[in-house]
Every structure is written in C-alpha cells, then in structure tokens.
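Trainee: One letter stands for each residue in the lines below.
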Amino acid sequence: MQLDLKKLAFGQYLSRHLLFEEADPLGRGWEKGLYLGLASESSSMFAGASARSAGFIRLKDASGGEFSAEAGPASVLLTSPQGEVKLAIDGPALLLKGTAGLSMVVRLGFGETVSRTKRGYELNMGPTRYIIAVQKGKADLEVGWDLVGLHSTDPVITLTPEDGVLEAVFWDSTTAYDLPEIAPDVDAAAKKAETAFQDFLGRLKGKNELFAYVLWLNFQTRKGAALLTANKIGDIRAVSMEQAIAALALKAPEAAELVSAVLGLMTPGGMVPAWVKGDTVLPESAPPLWGLPLCRAFAGGGIDAVPAEKLAALYALLDKAVGWWVKNRSLPEGAFFYAYPHESGFDGKPALPMGAPAVSPDLCLWMALNARALESMAVKLGLSKEAENWAALAQGQLECLASLWKDGGFVCRSAVDGAEAACPAGLGLLPLLLGDAAPDCAALEKAAGDAGKLDALLSALIALGSPALAEKALAAGAEKPDALSGGACSPVLCALGLALEERS
Amino acid sequence: MFGSGTKFDLTHAVYAREGSAFFLIENYYSHLLQLSSYKPGAWMDSNPFLFSLRTWAGGREVSYSYRGDPGSILLTVPQGQVEMIFTYDEYMRVLGCGGLSLSLEAAPYKPQTGLNAAGACHGVVQLPDGSTEVTYGTYGKLRFRPLKGSVKLQSVLNPDGSFQSLLLCLQPDGNGELDFAVHEAMTEFGDFPEAYPDPAVLRQDGFDRFEEFKKVYRKPAKGFEELFEYAAHTCWARRTKPGAGGIYQSPMILMHYEYLGEAFSWQQSYHGMSMMGDPAEGWRMICTMFEYQNPRTGQLPGNVGFLSCNAGIQPPIQGFALDWLIQKCGDSFLTEAECAKMYPKFAKWAEFWVTYRSAGRGDDVTMIDSPNDSGWDDATIFKDGFPTVNPDLIAFMIDLLWATGRLAEGCGKTEEAESWYARSDKLLKTLIEEFWDGDKFVTYHNGKPVDSLSVASYQPILLGKKLPQKIIDRIAQQLTEEGHFLTEIGLASESLRSADSNYGTSTFVHGRVVAPVQAFMCCGLNLAGKKKEAALIARRFAQVSQERGCILGFPPRTDVYPATGKPVYIAPGPVASDGWPWSGWNACNCLTLITQVIPEGEEE
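Protein chains in written order, with our numbering: chain V, 17 to 520; chain G, 642 to 1245.
Isolated chain V, as found in the complex:
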C-alpha cells in the first residue's frame, strides 16, 4: 500500500512523529512541501501560543532541492538528485539513513529555542524536547535569538553525509530526556513497524488496509490510555463520541478496552467529557453511545473473549456513566433528555427542533443500548438482580422511543413543557440501529434510503442499521473512496468503513 502524503501523514500508532506534504488546504499561507512534525499542541511557559501546522521542520535536501516521497505504513523513501534517505519510526524515535543530506528550516514559537547540546541539536518546545542526534554524518546549525520575541530566529539545521552515509535519530522526548531502547537501525525499525501494523489489522473486523492504516496512525496516548485522535495533523483532540464509533471497527476485547479507556476519562461525578486534548478537557457531556459498540461486540459470544476482570472494570465504569445521566439528565417518568443541543453529538448538523432541553429518539436508543450492554455484562458477572434492573431500563427506553414515533416518523419532545416537533432526518433515522426492535424498522430503512444528503458520519452510522444500507454505502465508497473516508483522512469515518465491511 502506498500512502499519499498530501492526504495523510506517515506516522505510527501512539507515536507523535509525522511526515507529510503540507498542501495548505485552508489557504493559511503556509509554505507547501515536505514537513516533519509532531502531533502535539505547542505550549510555552506563558501559554497562548498561536495555532500552527503540526509541521515545524521544512524538509529539503541539503542543496535546497525538493524530495519525492514513496511511503508505506512502515517506512518512507525520500529521493532527490542528491541521493535518497529512508525513514522509519520506532515509538518516540524517527530513524533515518541515506546518502542525501538534509536541510531543515525550523519554525519555533514564543519562548522556544534550538541549541546544540551533548545530546545533539535540541528543540526546546515547552514540555517537548525534540532532539536531532546524528550518528553518522556532519551537522551544522545557523540560528539567531529574538530578544524581545523570545524565540530562536529562523534556525536552519543542515545534515550532510560523511563518507557517503548519513544516519540519524530524531527523538520526541520530554524535559526528563527519556530515551528508551529502540530498533538498532532504520531497517529494523521498519520491520518492527510492519509487524505492529499487521498485528493491528488482526484486531479489526474489516480488511481495508487504507482505512486500517488511518485508524492505526491516529491513535495516541491521552491521560494514560490509547485513544483515537480526530486527526494527528490538525486536530489532536480525542473526541469521546468518536472512540465509541471507532470501537465498532474492533473485535470484542479491543472494543471493550477502547470504551473502557474513554469512560475512564469521566469526572468524579461520572460525566464523560466531550473531548480531551493534552491536559485540556471539554467538560461537557459526550453523547452516550458506548452501548452501541459494546452490544455489537458482545453479540454472538463476543463477550466471552473479554477477560473477566476487564469486563468487571468496564461494567463499573459504564454503570457510573449511565448513573450520571440518571442523576442529571432524566425526568421523573424515566425519559432522558439533552440539556444542550451539543450533547447529541450532532449540534450544528441536525439540530433539535425546539432546542434543549429535549427528549430525543437517538438518546432513547443510546440509553437502551447502554442498558442492554450492562445487562449482558451483569449476567456474565453473575449480577442477576442488576441484570433485571438493566433489562427494565432498556425496556423503558424502548417504550419511550415508541412514544416518540408519530405518524410514520419520530418527534422530539421538550423536557420543559412536553411540546413535540418532528425530529430532523438524521437523528430520527438512528433508531434503525436497533434493527427489529425499532418501531417500524421497514419504514425507517426506506426513509434512510431516501434521506438524501446527510452528514457523512451520521450517514455511515445509520448505514450500519441494515446490511442493505451497509452494502450500498460501501459500494458508493468503492466508486469514490474519498467520499466514505472523508478524503482518506478521517479516522472515525475509516473506522465506520471497516465496521460497514462486517455489516454488509
């Protein structure tokens, strides 16, 4: 598989290293071309650093010429008239070896510096120490200092081969300079990466390698857990709802682990935040989709593949997360409501017709699925009384959902005065995910087929509701691959693509 570095970066599961071709799609004036970067937020002592591209090292050959790149999941080969350079990633290390020299123009922000130390050339970028350690070859640094701007000015680092060979390691390190043991050379690192990617493929329900690579690439450690970022190049948030959707692409043990990871972000009160990014958390409730991937993963005996202690831990987490909704977002008669439109996860797309607070069919669906997942786990864990309670909650939500089915379509209901209004197409079609348990499944499936243009994520999610829709979505995707994968860059859409493969 060849990667188009204009569309997605060369990188690795949990590693922050990136190599990509900046195309400046938003016209911000960034110089186009090949960049090295890190999936990180810039952070300085005084915060408020300006947003920038993930790329901070403009990479050319030592004569200033452009490289052409041939990239796969495990390694990249850069070629120019001066020679070639092979790169591979091993966790925090980017290893390279070749015959061409490198010219690297470094862009640093407020308070950031570059200097030469015994470890190599160090880019001091807030909590990050990016270290360029040359093992074979020569290195040179040109740099000035902006006294008032407090940053290094236009640093240029040039690496040139010695005896025809250039060999170096670029470390993504911290202020503690942790430099763990890594593969001995670039070829060994590439082999290790290839093995890791193949192993990841084995954990997926689908087989599409491009989708799998995008998913693999975009996992990053957040608050100690492996979570999917929205996009390592431009948006490194780990969005809670997207974790639940990504879990749809995973086999049962991995799906359970990912859902546990996102539930592990919950506040002491049990609210699962909408997203996390570095130390920053958006303390607004994420839509409670967790039961969806769990019910699918647990079906057909999948639950048996989840180790008991992990299942128990997941049960406790989900119990608490549902408890938050019971305490903060439920009405006396048992219906749950969204206090804010964004709590549906689709604010700005299909909005709640009367605003919030509102009872909505998608929320009935999610809470019914959560209760079902909890019921399955309770049974497995021998918690019979709890299992009964969860079954009752699930039934109550299905009844609530049925009460919102009016005249061949769903309505939303105000949580304040009970006023009802037709539910927008997207949210009103999601109950198709219940299959036969949905009110008038056939009508919903027909409506989904006729729905016209919906948000890509919503559309793919609804398509999971029936094999026919899934097949149709995949066929459309095969004709126009970018349409399904969001330009081959959206990890969550790629996850849905993998889930649709199984569903079809």
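The hints are simulated quantities; they were obtained by calculation from the structure and are not laboratory data. Keep in mind that the hints are not guaranteed to be accurate.
Unchecked claim - Straight-line Cα separation of at most 27 Å, DSS-like style, residue types lysine-lysine; simulated pairs: (1) G:Lys1024 / V:Lys134; (2) V:Lys134 / G:Lys989; (3) G:Lys1067 / V:Lys134; (4) G:Lys969 / G:Lys1111; (5) V:Lys154 / G:Lys1089; (6) G:Lys1070 / V:Lys134.
What the hints assert, rightly or not - Anything over 10 Å on all C-beta distances counts as not near chain V; from chain G, calculated: (7) Gly644; (8) Ser693; (9) Ser744; (10) Arg786; (11) Leu788; (12) Arg859; (13) Lys860; (14) Lys982; (15) Ala1140; (16) Val1185; (17) Val1201; (18) Gly1206.
Said to hold, decoys possible - Which residues of chain G face chain V? A partial, calculated answer using Cβ under 8 Å: (19) His763; (20) Met827; (21) Leu948; (22) Gly1001; (23) Asp1018; (24) Asn1143; (25) Ser1147.
Quick reminder that beta carbons are idealized off the backbone N, C-alpha and C, glycines included.
Given the coordinates of chain V, work out where chain G should sit on it, guided by the hints.
Mentor: Only chain G this time, still in chain V's reference frame:
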C-alpha cells in the same frame, strides 16, 4: 478600596478576593465593569468569558458608580444599589433593591479585535428547578440560582446554532428585590446548598480574612501605609483556595487575573520572603511548589494553574528565599520535622539542575537553553543566543545547595549537610574566580563572554556577605551611580547608558524598572551590609508604586532613550497604567522593601 473616582479605580486594578475565581475590571474603553474568572487562564484581550455589567431601572439603563472593599462591591444608581459579594466558596451573591435589574452581556475586552465573545458560549439552559446554566466549554460554567427574582435570557443565535449575542438579565421579584447565588465551575457543579448564609456573614468573612492575612507582614515604614494596604490586598485577593475542583493543594498566590492567572514558581518564594510577620507561613509559601515536584526528575513546574501545571521551569530561588527569612526572622520555623520533610525535596530539586542543566564540566555549574530558566527573559545577557552559562543562576544554585545542607543539618543528617555545604562553597569559589571580571559577573555563550549592560550581571549580590568585600563594594558603587542603573524610580534592568535598552510596552527586563529586580538587589545589598544603599533604591521604587500602583514595572523615562536619543514608544491601555496590570509580584516585592529593607536601612 477601589471605586469610581478614587485614586485607583478598576481600570487600574481588579476587584477580587481570596478564594474566589471571580474578578471584576472596569473596561478601559467602555468604562463598564466586566466580570470573568481566572480559572480558565485566559488572556484578557482574547478572553471571551467576559460579561459587561449594566444596571436597569424600570426597563431603562441607568449608569452606576461603584465602590469595592474586602467584603463586597456596590454598584450605586439613584434608584438604589446592586451589591456583589464574592465568597470564599465557588459562588457569589448578587443582591439588589429598588426594582433594579443587573444584566450580564457577553462582550470582549477590546471590541475592535472582532472577537465574538458570545460565540464561545456553548449553551444556555433554563432547568426545571428554576435555575439557569450557561456553559462556555473549556472556560467554565455558571449557574444562576434565584433566591429572589428570575433570569431573563436574551440571545440571538446564528443559523448553525452558535450564539451571535448573549445577555442574561437578573430581574427583581414583585417586591423589587433581587437575590441570586451565582455559582461557577470549570468541570462540574457539586451539590448545591439548600440554604445560603446571611449576606452580612459573607461580607464580614471578606473583612475578617483580609485582616487576618495582613498579620503575615511586618509593619511598613512610615509614609508607606497606603502602599501597604494596597499591596497586602493585592496579594490576599490573588490567594487561591485549595481543592474546589482544581489542583491547588494549599493556598498559592496568582500573578495576575487579567493575564497569567497562574501561581508562578519563583513568585511563591518572593511572597515567602515578604512574610516576615509570620515566617512559618513564609516558609510554607516557599515550599508550595514542591507539592507539584516531578518525583522522578525533581523538576518543579514553571507555574500552577487551576487545572494544570506548566512544564517549563523557573529559577531555583528557594535557597535564597530561605536564607533571607532565616537572616531576618531566625530559624525557629525550621523544625526537625519540617527539615525532614523538605530536605529530600530540596535535594531532588538541586540535583535536577545539575543533572538536566549541567554545563558538562563535572561540577555544579549550570547551563541553560531557555531564558525562562534564569528569569531574565529578554535581558541583553541573551543577545547572542543559547546555550548560556549564567552567573545569576549560579548564585541561586549556591544558595540552593546551602539551603539543602541546612535542611539536612536540621534533621540530623550531618554528613550529608557537610557535603552540600562543601558543594555550595566550591561553586561560590568558581563564581568568583571565573565569572567576576572586576566590574561585573559575566554571562558566557558558547564559552565567550556576552557584552551586556544588563543589571542581571549584579544579581549575585543576593549572596550577601558570602561575596568578598571588594566585589560587594564595586557592585554597590555601580548600583547607586545615578544615570547608570539608578533612576529616580529605582534600578533600571538595563543600564541607561546602553544602546540596547528598550522599555516599550511589551518588554520586561530590557530596561524597565521592574519590581523583582529591586527585590533582588535591595535584599542582596542589605544582606551584604549595604543597608543604606538598599534603602535608598527601595524607597524610590516603593514611592513610585505608591503613586502609580502595584504594577510589575515602570519605564524609567517616557521621552527618549538617553543612550541613543531615540523616542520611547509606549502604547496606552488596555489598563490605566502603561499596559501592565496590577501584580502580586510587585506587591510582595514592595512589601519586602517597605517592611524590612527601608526601615532597616534608614534606621542605620
């Protein structure tokens, strides 16, 4: 203390109090009061979590005057008053009479920036229990709980559901009375109280806490009583409450509210130095940063915000601060238990520097690659770039090694203490022999001396009598020479003779007369026996702070740079100084000067 028409209104300072996240400032442009919270750590110019306050009577807007004290702030109009009581807990009380309403309108600080403050609002919901919640994403949430009155929401939404404008009006009840509890939270609200204390109790709590807090300071020199009140209040109002959903483990003191609303590492030690009325509390302040120490590397964070620490670092001032406290107050606060608790932490901090900032010489000389590490951010000692070997930092290290030894000695580890003392002595010898050029202490960049006229070159005076007398004399001579570093308002951070001097709005120690420089040099001269000289400098700076407020720094001139004749450009606003807000850093430095350096030096 702060009111309309008073010497310092809220275009100068903020209205705030200990433990509360809320602060009020008078907008420099609109002259309306604006309400915000320090907890998100937003910078005022780009802070959308900002609400303009207006008062209304009979449906018509009426302009108010205001006056704040430690208990509350009153907004007065002809028809009555609205009172806001910030509390030590996570809410404020809003009270009104005479049928007045108070509106909060999302509004940026500078309208001309085009910032849509309402656009940052993620939603407003009126809940079945009668309360109204506003959520601003990562900026936090507000919950308005009416005790008397109701909330009227006036907002305009864009087609995509985002807010174009947002106005919340707190309206009175049928008797014309208004009484609200307005809670704030960064993450989530806990359980709300079923009943609230009487407003008089809340008001009195502010006065009582402020009076109690002032006891940590000694009495000010005659003539500086007013500065003492303002400075003490500035520190008290920035004192954080532990817990409350954040990471503060014990009270710390913020730098500002409007910008840099965090507790900065070395400032906590400066505060500790000033608390000579209660040296145990001063020592506690010095130790606060160690609550966030990296257990493996020993690093202290650069600052502590409400929700997170910064990965940067600030200079190891703690040894100097401890030395100062002991010399001025004795060491009775250093109990054996305290020494046993803090010795390993100080040792780890010292080892951090010699491990991660080693100059690679095999000794304790340090080298840095970032200006923040020394605290001399934009000083000309860095004009050749990095890495540098700094005598200012080495001076701190000498005291840190000494203090670590003192703590070891205090808990019975005599042999280890001797080792730390020996390292301190050796580093002092190195500093004197290798960095003193007969005129100043020299910074080195890649082994070459940096040609600089920064006052940073004299920072090792903080070592006091540990330095040879001839060095003390030479430093004292230079620091008291008019027109060199000494100005009418204190010591300039860059010599007035320097062509590199720059004290424009966005500069720090590039020429301005800034508070921490006065503290270093004056305390250092004082410890070195140059008490009169220290008092001379201190009086000048304290005088200008008393006249112009507790702001971090002042330009020594506003017309031209004497060395070049070039004009000085200082942009007015956004606060009524010359761009710098009131600061806990200035305040604690002034308190050190007026309660110790000036009385001691002038008595002599």
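Trainee: None of the hints should be skipped; say for each whether it holds.
Mentor: Each hint, compared with the structure:
1. Between Lys1024 (chain G) and Lys134 (chain V) the alpha-carbon distance is near 22 Å, which keeps this suggested pair within the 27 Å criterion.
2. Among the hinted pairs, Lys134 (chain V) with Lys989 (chain G) is consistent with the structure: their alpha-carbon atoms are about 22 Å apart, no more than 27 Å.
3. This hinted pair checks out: Lys1067 (chain G) and Lys134 (chain V) have alpha carbons roughly 24 Å apart, not beyond 27 Å.
4. For the proposed pair Lys969 (chain G) and Lys1111 (chain G), the alpha carbon gap of about 24 Å is at most 27 Å, so the pair holds.
5. With a C-alpha separation of about 24 Å, the suggested pair Lys154 (chain V) and Lys1089 (chain G) falls inside the 27 Å cut-off, and the hint holds.
6. Distance check on the hinted pair: Lys1070 (chain G) and Lys134 (chain V) sit about 26 Å apart at the alpha-carbon level, within 27 Å; holds.
7. Even its closest Cβ contact with chain V, about 31 Å, leaves Gly644 (chain G) beyond 10 Å, as expected for a residue assigned away from the interface.
8. The non-interface label for Ser693 (chain G) is consistent with chain V: the shortest C-beta to C-beta separation is roughly 23 Å, beyond 10 Å.
9. Against chain V, the non-interface label of Ser744 (chain G) holds: every CB pair exceeds 10 Å, the least being about 22 Å.
10. Remark: the non-interface label on Arg786 (chain G) is consistent with the geometry, its nearest Cβ contact in chain V lying 16 Å away (cut-off 10 Å).
11. With a minimum CB-CB distance of about 21 Å to chain V, Leu788 (chain G) clears the 10 Å threshold, and the non-interface call stands.
12. Non-interface status of Arg859 (chain G) relative to chain V is upheld: no Cβ of that chain comes within 10 Å, the nearest being about 32 Å off.
13. Remark: the non-interface label on Lys860 (chain G) is consistent with the geometry, its nearest Cβ contact in chain V lying 36 Å away (cut-off 10 Å).
14. With 10 Å as the threshold on Cβ separation, the claim that Lys982 (chain G) sits away from chain V holds: the shortest Cβ distance comes to roughly 24 Å.
15. Here Ala1140 (chain G) stays apart from chain V, with its beta-carbon at least about 13 Å from theirs, past the 10 Å limit.
16. Val1185 (chain G), annotated as away from the interface, keeps every beta carbon of chain V farther than 10 Å; the closest lies near 24 Å.
17. No Cβ of chain V approaches the Cβ of Val1201 (chain G) within 10 Å, the least distance being about 19 Å, so the stated non-interface status holds.
18. The non-interface label for Gly1206 (chain G) is consistent with chain V: the shortest C-beta to C-beta separation is roughly 20 Å, beyond 10 Å.
19. Annotation: interface hint on His763 (chain G) holds; nearest CB of chain V at approximately 6 Å, less than 8 Å.
20. Taking 8 Å as the C-beta cut-off, the interface hint given for Met827 (chain G) holds, the closest approach to chain V being about 7 Å.
21. Below 8 Å, beta-carbon pairs count as interface contacts, and Leu948 (chain G) has one with chain V at about 7 Å; its hint therefore holds.
22. Look at Gly1001 (chain G): its Cβ gets to within about 6 Å of chain V, closer than 8 Å, so that hint holds up.
23. For the restraint placing Asp1018 (chain G) at the interface with chain V, the shortest Cβ-Cβ distance is roughly 6 Å, inside the 8 Å limit, so the hint holds.
24. This hint holds: Asn1143 (chain G) has a C-beta 7 Å from the nearest C-beta of chain V, less than the 8 Å allowed.
25. About 7 Å separates the beta-carbon of Ser1147 (chain G) from the nearest beta-carbon of chain V, less than 8 Å, and the hint is met.
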